[in-house]
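> What follows is the residue order along each chain.
There are 2 protein chains.
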Amino acid sequence: MNHFNQKIHFLLFLSIFCLMTLSLNAQNTMKSSDEDAFFIKNIYKTTLTKGQGYDWLKDLATIGGRLSGSPQSFAAIEFTKQMMDTLGMDTVWLQPCIVPHWVRGDKEQVRIVGSKKMGTIELKALALGNSIGTGQKGITAEIVEVNSLDEAEKLGKAGKLRGKIVFYNRPMDNTQINTFAAYGGAVDQRVWGASKVGNYGAVAALVRSMTTRLDDIPHTGVTVYEEGVRKIPTVAISTNDAELLSRLTTEEVVRVFIRTTCKNLSPKLSYNVVGEIKGSEYPDEILLVGGHLDSWDVGDGVHDDGAGCVQSMDVIHVLKQLNYRPKRTLRCVMFMNEENGQAGSKVYTETSNDNKEFHLFAIESDRGGFTPRGFTCDGDKTIFKEKFQKLYAWSPLLEPYGITLAKGGSGADISRLKSQKGLLLGLKPDSQRYFDYHHTAIDLMDTVNKRELQLGAAAMASLIYLVDKYGLGD
Amino acid sequence: MNHFNQKIHFLLFLSIFCLMTLSLNAQNTMKSSDEDAFFIKNIYKTTLTKGQGYDWLKDLATIGGRLSGSPQSFAAIEFTKQMMDTLGMDTVWLQPCIVPHWVRGDKEQVRIVGSKKMGTIELKALALGNSIGTGQKGITAEIVEVNSLDEAEKLGKAGKLRGKIVFYNRPMDNTQINTFAAYGGAVDQRVWGASKVGNYGAVAALVRSMTTRLDDIPHTGVTVYEEGVRKIPTVAISTNDAELLSRLTTEEVVRVFIRTTCKNLSPKLSYNVVGEIKGSEYPDEILLVGGHLDSWDVGDGVHDDGAGCVQSMDVIHVLKQLNYRPKRTLRCVMFMNEENGQAGSKVYTETSNDNKEFHLFAIESDRGGFTPRGFTCDGDKTIFKEKFQKLYAWSPLLEPYGITLAKGGSGADISRLKSQKGLLLGLKPDSQRYFDYHHTAIDLMDTVNKRELQLGAAAMASLIYLVDKYGLGD
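Chains G and X are the protein sequences, given in the same order. Using the working numbering, the letters of the first sequence map in sequence onto residues 2 to 475. Using the working numbering, the letters of the second sequence map in sequence onto residues 2 to 475.
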């Protein structure tokens with residue numbers, strides 16, 4: 002045998018060895034993939050037949066809106082703790098956090114006054130969360146309509162907002178397919194509108210409601226006063242009323258009366274509700290599912306975010322029903338105060354960092370209880386590519402359920418965990434109906450479809466199962 | 002230059018030529034693809050801002066249930082013809098067809114009588130379409146529960162159904178993700194249940210309603226009497242009542258009273274409503290969009306199938322808004338009598354075949370007005386692969402809108418066109434809510450979301466645009 006032949010033989014041997022290895026791996030993959038497909042099918046089956054989320058949500062809805070610091074928020078903490086106590090987790094605890102305590106006060110009065118054309122017209126309005134009130138007597142002033150913060154600032158610098166009510170009227174772009182993108186393109190007016198014009202002498206800010214619809218439903222939501230700014234009251238009006246007001250300002254000088262008695266009381270001690278099952282093999286690798294327990298005070302906060310809370314508890318419930326014993330530590334977290342401060346998220350993350358914990362994986366559900374279409378995935382750039390690829394390789398297992406994985410934001414409450422360098426996901430439901438109800442008095446149980454809600458929980462449980470079983474390493 | 006060098010030069014030249022050709026083609030493709038992406042974006046934009054489907058559907062809903070032969074069905078024919086007349090099509094016409102004329106008669110009375118445990122209990126019930134009535138005095142008989150046609154047949158052959166009411170109680174499998182698959186797995190009981198047991202002496206058939214939910218809403222739908230079978234009355238009861246009845250039969254002999262006065266009157270002359278824009282280059286290649294105009298008599302038939310009708314008209318409306326001049330002939334068809342006979346579909350197809358027409362492409366929307374997830378595609382096996390591949394190549398243009406293309410059934414009204422060897426598509430919306438409303442008194446306007454409905458029309462218009470522009474050939 003000459004050297005050349007030896008080499009050929011060696012290469013042949015190597016090739017055959019490689020092929021065998023590949024083939025064995027393929028068989029392993031195939032086997033575990035079948036097993037996983039079967040388990041995921043069972044997760045869906047169990048969630049659709051024995052899921053408790055919908056019934057929990059019905060009970061939660063009877064409590065009413067759960068704004069941080071409100072009696073309803075404490076009832077909700079007690080209720081979800083009791084429900085988690087029934088799930089057979091190793092520990093369920095309340096994690097203290099100090100939350101702002103804003104109250105709406107009397108029903109808002111907002112009306113066009115002394116219109117030559119239309120006389121007095123009541124507008125459907127909701128004060129924005131965190132806003133100061135107008136005082137008992139209210140405020141009457143002339144309307145100046147703007148379409149952006151920039152435009153408001155220019156007018157302010159030109160001295161044209163002194164004594165005026167600034168009316169932010171840029172609509173959400175309803176030609177966007179993803180309504181969250183449309184929301185992102187308009188919500189700056191609600192969050193920063195008042196703050197932007199306070200120092201220019203404006204006396205109040207009106208904001209067109211954040212919705213793709215033309216209707217009579219005002220949408221509340223948080224406003225933020227920047228450091229050092231003169232605070233002025235701010236109120237959302239319905240989109241139909243915004244259209245009316247806008248038309249009228251093209252025809253005459255329009256004056257509006259606003260009376261709100263909302264205010265911030267002293268901050269209060271509140272809680273996140275946390276449940277945990279200790280992992281049997283890798284207890285230091287935490288997998289989190291969660292939503293936020295607080296909601297706005299109007300409506301029952303079922304889509305925002307009762308849905309995310311009960312789906313997260315259903316993930317635990319369903320895995321328990323299937324006698325699944327996690328290798329890694331599972332945590333179910335109901336965050337407090339997402340809407341107006343995120344105190345719960347901050348405390349949770351700080352405590353976790355102090356305890357040198359590692360969240361390998363976290364899923365937040367906070368985009369409504371509609372048919373899930375997938376997850377958006379985020380993570381520190383040093384780890385994202387590798388861990389996302391690992392996750393992405395499981396896509397075929399999720400495909401039968403219409404679930405896709407894509408890069409994108411996770412959620413307001415878990416995003417602070419990014420520094421722990423795990424993978425962070427946001428459940429992505431169909432977004433078409435969300436902004437019909439978001440932050441309104443009609444975010445009520447009759448807008449929730451049981452199967453749609455359950456399918457979200459099943460999608461979350463399926464990913465938790467896969468990451469728990471295999472991790473996100475090599 | 003030696004021969005070898007010549008060859009090299011020739012190969013080099015050939016390679017460069019090929020690369021250039023490829024590159025030019027790529028540029029062409031890129032250009033037309035960009036243009037198409039832009040046009041499709043405009044279709045979506047126009048549908049979401051200027052679509053008329055939702056308003057048409059509101060008007061259609063005010064007419065009420067539109068069962069074939071009913072006054073409401075004629076009002077709907079008149080209404081949709083008038084609406085189509087506003088769309089600037091070349092021709093709008095009524096195509097005559099003879100339809101069955103079944104009427105429900107008095108409100109159904111169905112009750113458990115003389116139960117030792119529970120006394121008398123009224124059941125929520127709807128007679129099935131095409132069923133005969135019980136006669137004025139009604140029928141009282143003992144219940145025999147079965148879970149399948151086969152089980153019923155076995156009991157029938159054993160002489161155990163004589164004088165009995167057969168109660169079909171196999172539920173729709175609510176663990177199926179696609180609820181249409183669950184429907185397909187249970188609906189044989191409704192369609193053939195009565196027919197199967199008539200000749201064995203059964204006096205009536207009760208059928209568990211076709212829905213994934215447990216609720217108090219009975220679902221009607223068609224029943225069919227096979228040739229030569231003894232006709233017996235048949236009625237659907239709500240799923241909650243089916244559960245109750247089933248429990249009770251395990252505890253005692255249960256007798257049920259049924260009184261229905263439904264009947265078939267003489268067949269009537271009715272119509273399909275058809276609108277057409279003649280193609281400028283290939284008038285002999287027809288592209289069809291359609292739904293069915295008839296509905297059941299209870300509810301307002303908004304999802305089944307008012308939605309499909311107004312979406313189809315919106316396809317025309319939106320292309321007109323965009324000043325799109327079709328190369329091929331566009332037809333918008335409101336089929337009559339899909340629910341209980343498909344007389345409209347039969348006449349349409351026969352006439353088309355007699356006229357030697359060629360439907361290159363047809364889309365039917367008849368699965369509710371929910372967020373579209375894609376299309377299922379069908380066609381004669383001699384052409385399917387090639388034409389589907391051509392269509393499938395456009396998938397990247399549809400991906401931004403969450404639209405996928407897959408093999409599957411098209412729809413009851415267009416499937417007869419298969420012999421013309423074009424491609425037949427069914428719009429596939431999210432299926433989770435459909436069977437909450439299907440064939441019930443709650444198929445009402447408040448269950449329709451405007452954006453979801455509009456997105457379906459936009460998806461249909463996008464495919465019509467592509468097929469019109471490029472055809473489905475090489």
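What the hints contain is simulated information worked out from the structure, not anything from laboratory work. Keep in mind the model is a prediction, meaning the values are calculated, not measured. Please note: incorrect hints may appear among the correct ones.
Same chains, same names: a pair is fine if it fits in one copy or spans any two.
[Said to hold, decoys possible] In silico lysine to aspartate or glutamate, DMTMM-like type, Cα no more than 25 Å apart, as pairs:
| hint | residue 1 | residue 2 |
| --- | --- | --- |
| 1 | Lys59 | Asp447 |
| 2 | Lys108 | Glu36 |
| 3 | Lys165 | Asp86 |
| 4 | Lys125 | Asp447 |
| 5 | Lys51 | Asp216 |
| 6 | Lys59 | Glu152 |
| 7 | Lys408 | Glu227 |
| 8 | Lys321 | Asp174 |
> None of the hints should be skipped; say for each whether it holds.
Verification of the hints:
1. Taking the shortest alpha-carbon separations for lysine 59 and aspartate 447, both the intra-copy value of 10 Å and the inter-copy value of 21 Å come in at or below 25 Å.
2. When the C-alpha separation of lysine 108 and glutamate 36 is checked against a cutoff of 25 Å, the pair qualifies neither within a copy, at 57 Å, nor between copies, at 52 Å.
3. Taking identical chains as interchangeable, the C-alpha atoms of lysine 165 and aspartate 86 are never at most 25 Å apart, the minima being 54 Å within one chain and 50 Å between chains.
4. For a Cα distance limit of 25 Å, the shortest separation of lysine 125 from aspartate 447 qualifies both inside one copy, at 22 Å, and across copies, at 21 Å.
5. For the homomeric pair lysine 51 and aspartate 216, the shortest alpha-carbon distance between copies (17 Å) is at most 25 Å, but the shortest distance inside one copy (37 Å) is not.
6. For the identical chains of this complex, lysine 59 and glutamate 152 are neighbours neither inside a copy (44 Å) nor across copies (39 Å), given an alpha-carbon limit of 25 Å.
7. Taking the closest pair of Cα atoms, lysine 408 and glutamate 227 never come within 25 Å of each other, the shortest separation being 31 Å inside a single copy and 55 Å across copies.
8. In this homomeric assembly, lysine 321 and aspartate 174 come within 25 Å of each other (Cα to Cα) only across copies, at 23 Å, whereas the closest approach inside a single copy is 43 Å.
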